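*Asks:* Protein chains in written order, with the working numbering: chain A, 1 to 322; chain B, 323 to 664.
No wet-lab data here; the hints were simulated from the structure.
Computed from a predicted structure; not experimentally measured.
Note that the Cβ used here is the ideal one computed from N, Cα and C, for glycine as well.
Take every hint as true, because none was put in to throw you off.
Far from chain B, by Cβ distances over 12 Å, these chain A residues were calculated:
(1) 18
(2) 23
(3) 65
(4) 76
(5) 207
(6) 306
(7) 320
Covered stretches of chain B (chain A as the covering partner; in silico rule of three or more C-beta atoms under 8 Å from a C-beta of chain A):
(8) 525-539
(9) 585-598
Over the 10 Å line for every Cβ pair with chain A, so calculated as not near, a few chain B residues:
(10) 350
(11) 353
(12) 356
(13) 418
(14) 442
(15) 468
(16) 470
(17) 644
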Amino acid sequence: MAHQLLSCYDLHISFTLSDGQVDEAVRGIAFSLDETETLGIVGESGCGKTMTALAVMRLVPLPGKITAGSVFFKENNLLTLSEQQMRTIRGRHISMIFQDPMTSLNPVYTCRSQIKEAIVHHGIARTSDADALIESILHEVGIPDPKRTADSYPHQLSGGMRQRVMIAMALVCNPRLLIADEPTTALDVTVQARILDLLHGLQSKKSMGMILITHNLGIVGDIADKVIVMYAGEVMEYAPVRELFDRPMHPYTVNLLETIPAIAARKERLTVIPGEVPTLRNIPPGCPFHPRCNRSMPRCSTEHPALSTPGTNHQVRCLLYA
Amino acid sequence: MPETAALQSNDIVVNVNDLCVHFPIRKGLFGAVAGFVKAVDGISFAVRHGEIFALVGESGCGKTTTAQAIAGLLPATSGSIDLSFDNMPQRTIDWKSADAAAAKAVRRRMQMIFQDPYSSLNPRMTVKAILEEPLIIHHLGSRDERDRRIRALLDRVGLSHEYLNRYPHEFSGGQRQRIGIARALATDPRLIIADEPVSALDVSIQAQIINLMQDLRTGCRQTQLFISHDLAVVRHMADRIAVMYRGKFAEYGSESDLFLHPCHPYTILLLDSIPVPGKGRKQRGGNAAEEIDRQPEVAGCAFYPRCPRRLDKCRATVPELREVKKGHGVACFNPAGEYETT
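Using the sequences and the hints given, assemble the complete structure.
*Replies:* Here you go:
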């Protein structure tokens, strides 16, 4: 049986703003991830998916704070470690790649020196061996001319190549967990397909766990094993990927799947989810989705549904299933 | 496209003929021209009255440049753009030499919707001022008439009248895009050029805007030039589609031609690249040379370095756009599917 790599219980993240108001960006997220699994987190902007990932890295930006919960990486609760201890984990055991490879690489250093920084910091290899290691990891992420690319500056590379350099940098220390935050959103579709293939291939080759954050349900279907659907800071549905697409339960998931124009066939008219995505300031009482839900009942506006487990592994936060 | 000659000219709203937009690359102290970036390199197409014509392609393929050249926001290097609205006789508009009055008359009938609803609305203007500005510029209506018109516009795009005196920052992305659409509709245009109008929006909001744009088409027989990189959105919206690659058309045709019988290897690659919800992992073919930067300039087909179906002659000769069937053209020596030549 696979071993548990990461488990997160009842995570809460709040932002205390200058006017004293407290906005809860993430409310009670829980999930677990086995050693070689891929967890997809999907949701729209502002739903808290990126904050959840940053919490695992302990990188939630100020004035944000993790106010409750625990994040276990193997046996260690990451939230109780000192900053010093955390620095030995970040980039070594847990790595992250970001959406925009243009702004997350430093424009004034070559790719080589940026990758070397991680190697040296974690003492993975001696400086003399670092170059060979850098070139082999660049080769592994599918860069055709590793030597030349290593000595390039980020602006000299295309978007897809930059994202490959980011992936190389994240993987050079052989982490056990890779967090990818919208890794292909800034890329063209054909390049996106290549990067997804690459991530999937590397993950099984290195048998690491992966958390993939995206707003694109197609990408989740492509490489995730299980999926969390988030809305307004909460988990709405949590299910294995096939289960989610074959038997979506939460009205939000059902509507979201219907609302996407399909490439396979032309529809007369798209199903619409009315209304707007709520901001943190005006999250509706009761179920946060009830004003936009086509199956809402009177009690949805007052009663906050708990996450239930109607089927094995398949959890849903909806009063329809309570 | 050759088919356009057969059509009655009053059915055509935009006729683009051999359009080129080249940008000079300047080098050195005195800015000597060292070469050209051929952003748009000899494309021709016609958009018929009441249809949605889509230009699709990846970043840098020239789709936005084409739209901006038609709208007169960028000067065309060569080629002609003929526009015809209402019963106006079709006329060639040369944005470089057109006099101000003629250009203004054309602009009234042609409006744009932009991708980013955050940067395309002036943050210091209220919704009312934003919607009124085009009416004032084109001297349309008295103050009362303008007021009624603005309210009607808000109704059309599904926004409440209460919003008239609010500023753009008070709105969500979807609402802002509705304001942008209302502004484009203000002067009662015949042609809407929509440049990635839904790309910046959340998934649940995208569908609302797509439906709204379709209503506008059916409601007022509006013609739309729709630019997108999202093939699923394009399939849903467009009647006819042209796939662009490096400034040229790789393939064009009707929605069913392109999605059911794609011929150009690039179109096929694009279609294969899209992850589909619930379909699981796709096996993808394709050539690994895909995203190599600084791809060598080839004398022949621009897609040659990435093409899985390339032939020897593709390296040296540029394939001409030819029709494999009426209304379905492809620029390839070795197209796939039922039109295979080998």
